[in-house]
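Protein chains: 2
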Amino acid sequence: MTEYSQSKLNTVNRLRKREHDTDYLSGKYDFETIHGLVNQSPVVHVAFATDPSEPFPTILPMIGQMGSFEDSSAGLDSPLDCYLHGYVSSRIMRLSQEAVARGEDGLPVCVTATKVDGFVLALAPFHHSYNYRSAILHGYAQPVESEEEKAWAMELVTNSVVPQRWQNARTPATKTEMKSTTILRVKIHAGSAKFRNGGAHDDRFDLKDESVVNNVWSGVVPTWQVMGDPIPSSDNAVAKVPAYLKEFVEKENIRNKDIAVNAVKE
Amino acid sequence: MTEYSQSKLNTVNRLRKREHDTDYLSGKYDFETIHGLVNQSPVVHVAFATDPSEPFPTILPMIGQMGSFEDSSAGLDSPLDCYLHGYVSSRIMRLSQEAVARGEDGLPVCVTATKVDGFVLALAPFHHSYNYRSAILHGYAQPVESEEEKAWAMELVTNSVVPQRWQNARTPATKTEMKSTTILRVKIHAGSAKFRNGGAHDDRFDLKDESVVNNVWSGVVPTWQVMGDPIPSSDNAVAKVPAYLKEFVEKENIRNKDIAVNAVKE
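Residue numbers (the working numbering), protein chains in the order written: chain A, 10 to 275; chain B, 10 to 275.
One chain only, chain A, in its complex shape (with noise of 0.2 Å):
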């Protein structure tokens, strides 16, 4: 198994209002590309039920990665849990809890991740639109509770954020910081990506108006993630930036530019 099996709750809608754009538009299954676009983005967003009493969802932005503790070296076209740290509040805590002291398969989640690659500008407003890919997850989360999924679970969100960082930073963790760190595992359900690359295109009609293509400039406008220079802290002793975090920023500011610039060639 390589991709999400479709239903009716992961299928990428494709028929949209402006007909012509669906070309530019792809649906993706592919475990591969999904859990790829969950473990490049800084945050996601989980939403999930609150209270029977409250009809509202809630969004939390959290951060989010793919991962098998079963099988640490299984590659991203292998099927993945996710695992989320954050500003834990305590209600998804408590909520996934319960359910899985109900018996349950814990709280059913939705997870998000989407990168913005450029503003589509059109000759008409209505032909505007966005490059972007979005990956959409479903779930059910519970809290890690054994100690040695945690701890793996720890260096695996650190490195998300910066490659080898766990092992250059002070590790292991303590006790008490072993106790204080709350992670969820999604067990998940469904997935799907989305995909919109490409440049602007209009209606014949427009593009035959030359009041209209005289006066309107049509294109992308690319559009991508930076790092800055990293700044130390007011406490740091460690002269030069190191070599890992370096690189990092760089490399990462390179491929997040070539992204949204390729996007536009169709």
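Just to be clear, a hint being listed does not mean it is correct.
Identical copies look the same in the list; a pair holds intra-copy or inter-copy alike.
[Claimed, not checked] Straight line, CA to CA, 27 Å or less: simulated BS3-like cross-link-like pairs of lysine-lysine:
no.	residue 1	residue 2
1	K260	K188
2	K196	K274
3	K37	K17
4	K37	K266
5	K260	K17
6	K196	K37
7	K217	K188
8	K274	K188
9	K266	K249
10	K255	K266
11	K255	K274
12	K274	K249
13	K188	K203
14	K249	K217
15	K217	K184
16	K260	K196
17	K17	K203
18	K17	K217
19	K260	K203
Derived by calculation from the structure, the hints in this document are not laboratory data. Just so it is clear, the structure is predicted and the values come from calculations on it, not from any experiment.
Based on the hints, put chain B in the right spot on chain A.
Same frame as chain A, now just chain B:
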């Protein structure tokens, strides 16, 4: 009224597992901060419950912009609605319409806007954090039905991507375009924002440990969204990138970098 009143739903939980870090974390309820954050985010995430038979809420990435159709000159510090546009799936549209038809206020949704401003690298992974700004709104979504309000909202949303774009594109919208555009208006029920600013902070025992302090780099890697040079489409006939677009890209890039770098200062 210039802020959202606090209730169980929107009160920011400041009690964190890392107690000393609460100094750098703040909850905000004023309209200006929350609405400003939504308006500056190219994408918002919208959560809603899909079906009584379905345990999972779902999240859609959409374009969101705060505004008041009744008083279009209202500032960010006024009570505003949230207008949503995007790949409006049939589901969120259908559910919103059905809720209205049942005489309800609309579909209960949660709208979030999140900006990551920096990766905070402390000596211990436990004290790693993000500088970030996150806004959350709860409210009731209704499809915009009136032609006048829809036309107004289309301009609002288009200009939220690139200021003055509506005036500089082929407008007004045709009848077909109007008919094919779906916009949701969210009446806000509750709102709040959460910020984390500052540098890296560690426990005294780590700061006193020379083997740690002399080996682990600590500080913040600032991060922000940048726009590249606009890339003209193959159909584009306007030789120069227009001033309104060029200036927007330049100013926004400087502004976004300033926010990320200044967030590190305490």
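- Violated constraints from the hint list, given by number and in increasing order: 1, 2, 5, 8, 16, 18
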